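Peer 1: Generate coordinates for the entire structure from the input sequences, incorporating the hints supplied.
Chain by chain, the residues:
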Amino acid sequence: MRGPGGMGRMGTGEKAKDFKSAIKRLFKELNVYKILISVAIILAILSSVLSILAPNRLSDLTDEIQKGLMGMMDLDKVKSIALFLAGLYLCSALFNYIQAISMTHVANKFANRLRSSISQKINKLPLKYFDKHQAGDTLSRVTNDIDTIAQSMHNSLASLVSSVTLFIGTIIMMFITNWIMAITAIFASLIGFVGMIFILKNSQKYFIAKQEELGNLNGHIEEIYSGLNVVKAYNGKNDADKKFEALNKQVCDSNRRSQFLSGLMQPIMSFIGNFGYVAVCIVGALLTMNGYISFGVIVAFISYVRLFTSPLSQIAQAMNQLQSTAAASERVFEFLDEEEMKDQKDISKTLKKEEVKGKIEFDNIVFKYDDSDKPTINHFTATALPRTKSCNSWTNRSRKNNNGKSSYEIL
Amino acid sequence: MLKLFKNLGKKEWLLILASLILIITQVWLDLKLPDYMSRITRLVQTEGSEMSEILQNGAYMLACALGSLIAAVFTGYLAASISSSFSMKIRSKLFNKVEDLAMQEVKSFSTSSLITRTTNDVTQVEMLIAIGLQLLIKAPITAVWAVTKILNKSWQWSAITGVAVVILLSVIAALIVIVMPRFKRVQKLIDKINGVTRENLTGIRVVRAFNAEKYQEDKFEEVNTALTNQQLFNQKTFAILQPVMYLIMYFVTLAIYFVGAFIINDAIGPDKLSLFGDMVVFSSYAMQVIMSFLMLAMIFMFLPRADVSAKRINEVLDTDITIKDGNIQDGNTEEKGTVEFKNVSFKYPDADEYLLKDISFKVNKGETIAFIGSTGSGKSTLINLVPRFYDVTEGEVLVDGINVKNYKQETLMNKLGYVPQKAVMFDGTVNYNVCYGDNGKGEISEEKAKEAIKVAQATEFVEKMDDKYETHIAQGGTNVSGGQKQRLAIARAIARDPEIYIFDDSFSALDYKTDAVLRKELKKYTSDATSLIVAQRIGTIMNADKIVVLDKGKIVGMGKHKELLKNCEIYKQIALSQLSKEELEDAE
Numbered sequence: 001m002r003g004p005g006g007m008g009r010m011g012t013g014e015k016a017k018d019f020k021s022a023i024k025r026l027f028k029e030l031n032v033y034k035i036l037i038s039v040a041i042i043l044a045i046l047s048s049v050l051s052i053l054a055p056n057r058l059s060d061l062t063d064e065i066q067k068g069l070m071g072m073m074d075l076d077k078v079k080s081i082a083l084f085l086a087g088l089y090l091c092s093a094l095f096n097y098i099q100a101i102s103m104t105h106v107a108n109k110f111a112n113r114l115r116s117s118i119s120q121k122i123n124k125l126p127l128k129y130f131d132k133h134q135a136g137d138t139l140s141r142v143t144n145d146i147d148t149i150a151q152s153m154h155n156s157l158a159s160l161v162s163s164v165t166l167f168i169g170t171i172i173m174m175f176i177t178n179w180i181m182a183i184t185a186i187f188a189s190l191i192g193f194v195g196m197i198f199i200l201k202n203s204q205k206y207f208i209a210k211q212e213e214l215g216n217l218n219g220h221i222e223e224i225y226s227g228l229n230v231v232k233a234y235n236g237k238n239d240a241d242k243k244f245e246a247l248n249k250q251v252c253d254s255n256r257r258s259q260f261l262s263g264l265m266q267p268i269m270s271f272i273g274n275f276g277y278v279a280v281c282i283v284g285a286l287l288t289m290n291g292y293i294s295f296g297v298i299v300a301f302i303s304y305v306r307l308f309t310s311p312l313s314q315i316a317q318a319m320n321q322l323q324s325t326a327a328a329s330e331r332v333f334e335f336l337d338e339e340e341m342k343d344q345k346d347i348s349k350t351l352k353k354e355e356v357k358g359k360i361e362f363d364n365i366v367f368k369y370d371d372s373d374k375p376t377i378n379h380f381t382a383t384a385l386p387r388t389k390s391c392n393s394w395t396n397r398s399r400k401n402n403n404g405k406s407s408y409e410i411l
Numbered sequence: 001m002l003k004l005f006k007n008l009g010k011k012e013w014l015l016i017l018a019s020l021i022l023i024i025t026q027v028w029l030d031l032k033l034p035d036y037m038s039r040i041t042r043l044v045q046t047e048g049s050e051m052s053e054i055l056q057n058g059a060y061m062l063a064c065a066l067g068s069l070i071a072a073v074f075t076g077y078l079a080a081s082i083s084s085s086f087s088m089k090i091r092s093k094l095f096n097k098v099e100d101l102a103m104q105e106v107k108s109f110s111t112s113s114l115i116t117r118t119t120n121d122v123t124q125v126e127m128l129i130a131i132g133l134q135l136l137i138k139a140p141i142t143a144v145w146a147v148t149k150i151l152n153k154s155w156q157w158s159a160i161t162g163v164a165v166v167i168l169l170s171v172i173a174a175l176i177v178i179v180m181p182r183f184k185r186v187q188k189l190i191d192k193i194n195g196v197t198r199e200n201l202t203g204i205r206v207v208r209a210f211n212a213e214k215y216q217e218d219k220f221e222e223v224n225t226a227l228t229n230q231q232l233f234n235q236k237t238f239a240i241l242q243p244v245m246y247l248i249m250y251f252v253t254l255a256i257y258f259v260g261a262f263i264i265n266d267a268i269g270p271d272k273l274s275l276f277g278d279m280v281v282f283s284s285y286a287m288q289v290i291m292s293f294l295m296l297a298m299i300f301m302f303l304p305r306a307d308v309s310a311k312r313i314n315e316v317l318d319t320d321i322t323i324k325d326g327n328i329q330d331g332n333t334e335e336k337g338t339v340e341f342k343n344v345s346f347k348y349p350d351a352d353e354y355l356l357k358d359i360s361f362k363v364n365k366g367e368t369i370a371f372i373g374s375t376g377s378g379k380s381t382l383i384n385l386v387p388r389f390y391d392v393t394e395g396e397v398l399v400d401g402i403n404v405k406n407y408k409q410e411t412l413m414n415k416l417g418y419v420p421q422k423a424v425m426f427d428g429t430v431n432y433n434v435c436y437g438d439n440g441k442g443e444i445s446e447e448k449a450k451e452a453i454k455v456a457q458a459t460e461f462v463e464k465m466d467d468k469y470e471t472h473i474a475q476g477g478t479n480v481s482g483g484q485k486q487r488l489a490i491a492r493a494i495a496r497d498p499e500i501y502i503f504d505d506s507f508s509a510l511d512y513k514t515d516a517v518l519r520k521e522l523k524k525y526t527s528d529a530t531s532l533i534v535a536q537r538i539g540t541i542m543n544a545d546k547i548v549v550l551d552k553g554k555i556v557g558m559g560k561h562k563e564l565l566k567n568c569e570i571y572k573q574i575a576l577s578q579l580s581k582e583e584l585e586d587a588e
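Top line first, the protein sequences correspond to chains G and B. Going by this note's numbering, the residue at position 312 of the first sequence is 312; the numbering climbs one at a time, nothing skipped. Going by this note's numbering, the residue at position 203 of the second sequence is 203; the numbering climbs one at a time, nothing skipped.
Where hints are given, some of them may not hold.
Derived Cβ-Cβ restraints for the label pairs, each shown as a range [as the list claims (entries may be wrong)]:
hint, chain 1, residue 1, chain 2, residue 2, range
1, B, PRO304, G, ASN202, 43 to 51 Å
2, B, PHE262, G, LYS201, 28 to 36 Å
3, B, LEU17, G, ASP76, 50 to 58 Å
4, B, LEU17, G, GLY195, 23 to 31 Å
5, B, GLU315, G, GLU334, 33 to 41 Å
6, B, GLY195, G, ASN202, 39 to 47 Å
7, G, LYS79, B, PRO270, 23 to 31 Å
8, B, TRP28, G, LYS79, 35 to 43 Å
9, B, PRO270, G, TYR292, 22 to 30 Å
10, G, GLU334, B, MET291, 40 to 48 Å
What the hints contain is simulated information worked out from the structure, not anything from laboratory work. Computed from a predicted structure; not experimentally measured. Note that the Cβ used here is the ideal one computed from N, Cα and C, for glycine as well.
Peer 2: In structure tokens form, the structure reads like this:
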């Protein structure tokens, strides 16, 4: 549960062109925050270790109670174990919380800095950049992309660390506690995960298809709405409706598929949990009856199975999110790396106000846009003296479209 | 929200009923699991119990889990079907509604808002149904069922679970109260940051020319800081949820075991064993109860968002269509090519001020009438009354001698060739764009389209394009220039072969020369068609049969160019501001 923002984004990973270098760059930029990030990572590991240790103590507690079934219960020992566990849980939660807020801090400060850099960058770029790029494109970098980066940083980075710790830690603990039970638990979970990976792989293409078809539909809606007067005046409604219905149907179909597939994860996860439980119980019962293990071990393993299955899906999710982070940061850095205008600091001549009276000279100017071969302005020489309306004389002289009137003024 | 659900069809309700049954099955199986668990526990505990019995119970438990999985898969499929077909229906309804809205309603919603309502808002509601519907049904059933199962086992354990649920819910409630309104503020700040950046981007030339970079950066920084601080507060507050959630769940198990130890210690003999089994089962039921309350809380978190979306959708669906269709379907009217305004006044429904007041004039077949006036004089509004983008407040507009309100809209539109101020291009080829729509005379032939393009002075650039007439025009016409778009839009009107042309400032993107040639060719080509022209340039309209000068919604002069120059002060001012004395005299 990550607040209302989290619901909309579900595993529709946008792929980065170069995942590795994008992530590398991201971490380089994050270097400033390395102290806070290290603190967060250490706390994440600590918190995970604590929650792994807990089942072991819980199993001790169960054993104590069980002893009491037959004879006298050592209530003092029960109390001390319970107290210890309570402390353990509290510490784990506290570490978790500190870790979360420090990552939040890093993520938001980082996002803030990126936004500022983009805003400053806008003012340093040559104008030709804006001739070639749409405003909407830059805008989406300022908001959407940076948002994605911030979101996944405070969601996935820490959870990736703690999940991996949890995963490895649980395996170690399980083997320490009892190796037969450990193998049982891992094996039972693995069967389920094979199925899940299969579904994940197959669902990816439906998600992409859904995104594409939704894009088509939205494009059509945008087109018709913004040209509604023409649609009305030309009786284009039938044509528009026909297209709309076809696109709408497609979106509905792919929506159903992707929605269904993404809905499968949860039940499969809980089935894996149950399956692991049964396997652990049966093998555990066998071992208990033969006197190999105590009942407390079963209780511990019931917790281990739960601990073991949850990080795997979290890792899968975090990896997915990392993909879209890479794509987003690639786009942001691409913008920040755009070639800037020549620095104007080395131009020492500043204009003096008294001398400037509005005289502008054009001395044999040739100008062309980057991607056209024909110069827009060819060998033009003119002097605009103060108080003569040069703009007017241009419009009089040049009464044809596209002859570069506005290009002059920009120069 | 509920109102929107009225759009669910019979089929959808049946599917919902089916998923309800499936969900109940699922919950029943889920809650049976701990029963088998407890049996297995007891068997393991009891000396000398048969291994086969344990295996049997294990198999039952697995069967339950598998059954629950299958039920969940089917429910998931049903939910996906319901939500996707529901959203399809709503989207289609919205689309059709918007198509029927009058332009003034479109304006009051704003086009971009209508787009988000049809796309984003529908998706929001769809998500709620896809995920929320299942949870909404499942969570309460699980909660109630699980509660009844554990209620009479031990009041101490029940009390622990109850306290846990209360704490959990109050934490969530507190978070909602504190953070929710602030989420809205974040949305506003994001809009603001978008606004500042957009301003900087679109006005980049002005920013540079006036050395306002620093000013823009400061402005951006201010919003940026506000946004970051707000986000930090929200997320830091929200970060408390996860640790608290886990803490509560762990503590419940711990507390149940701890208290259980005392209960068992106090019990006598064989009771101890059954109590021990109960304890293990209870802790897993307690988990179910807490989880289902958590699910319920989750729904309440994203319910408000979907609710806002539903309201926005309903707002559109509930808008009355003010432009009612007439019933004259036969375009073969006695009079042809005439437009007459009789004492027409117009204001927006809620406004006090009239945009047009007491306008009367008439044009006959083959004549050209032009409207000129300063910005805001109402000339565009006036011309938009003919195709009924707006309806008059008082008076009447007659086309071919019949009130426009009496025509079926299609019939009226078939008489008109309308070219808007801002040329509109659709995603498709040049030919598709020129032959766009339906003029009631069958499909427009390619020759006809070619001819229209020629008259509109567009042949030269169209022939230069890669695929000529089959060149693809991108959405919004981003791959053609403003002047080219305008010429294609004019060609579209010509290809339609209308009785009456309406040019709403359609020549402004053209240069003087193209403008003049185009109008000359057009006059030749459509000698018997009537033209209504709104223009900014005197040059465009100088030769019109009749010129109407508007000022603040009133007619202040009407006549030919020369007459107006003599006796209409406003016209003279406009003329003098654009043309030199010599040029004016040249025209005479």
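Peer 1: Taking the hints in turn, state whether each one holds.
Peer 2: Hints and how they fare:
1. B:PRO304 to G:ASN202: 43 to 51 Å: violated (34 Å)
2. B:PHE262 to G:LYS201: 28 to 36 Å: violated (51 Å)
3. B:LEU17 to G:ASP76: 50 to 58 Å: holds (57 Å)
4. B:LEU17 to G:GLY195: 23 to 31 Å: holds (30 Å)
5. B:GLU315 to G:GLU334: 33 to 41 Å: holds (40 Å)
6. B:GLY195 to G:ASN202: 39 to 47 Å: holds (42 Å)
7. G:LYS79 to B:PRO270: 23 to 31 Å: holds (26 Å)
8. B:TRP28 to G:LYS79: 35 to 43 Å: holds (39 Å)
9. B:PRO270 to G:TYR292: 22 to 30 Å: holds (26 Å)
10. G:GLU334 to B:MET291: 40 to 48 Å: With a Cβ separation near 44 Å, GLU334 of chain G and MET291 of chain B satisfy 40 to 48 Å, so the hint holds.
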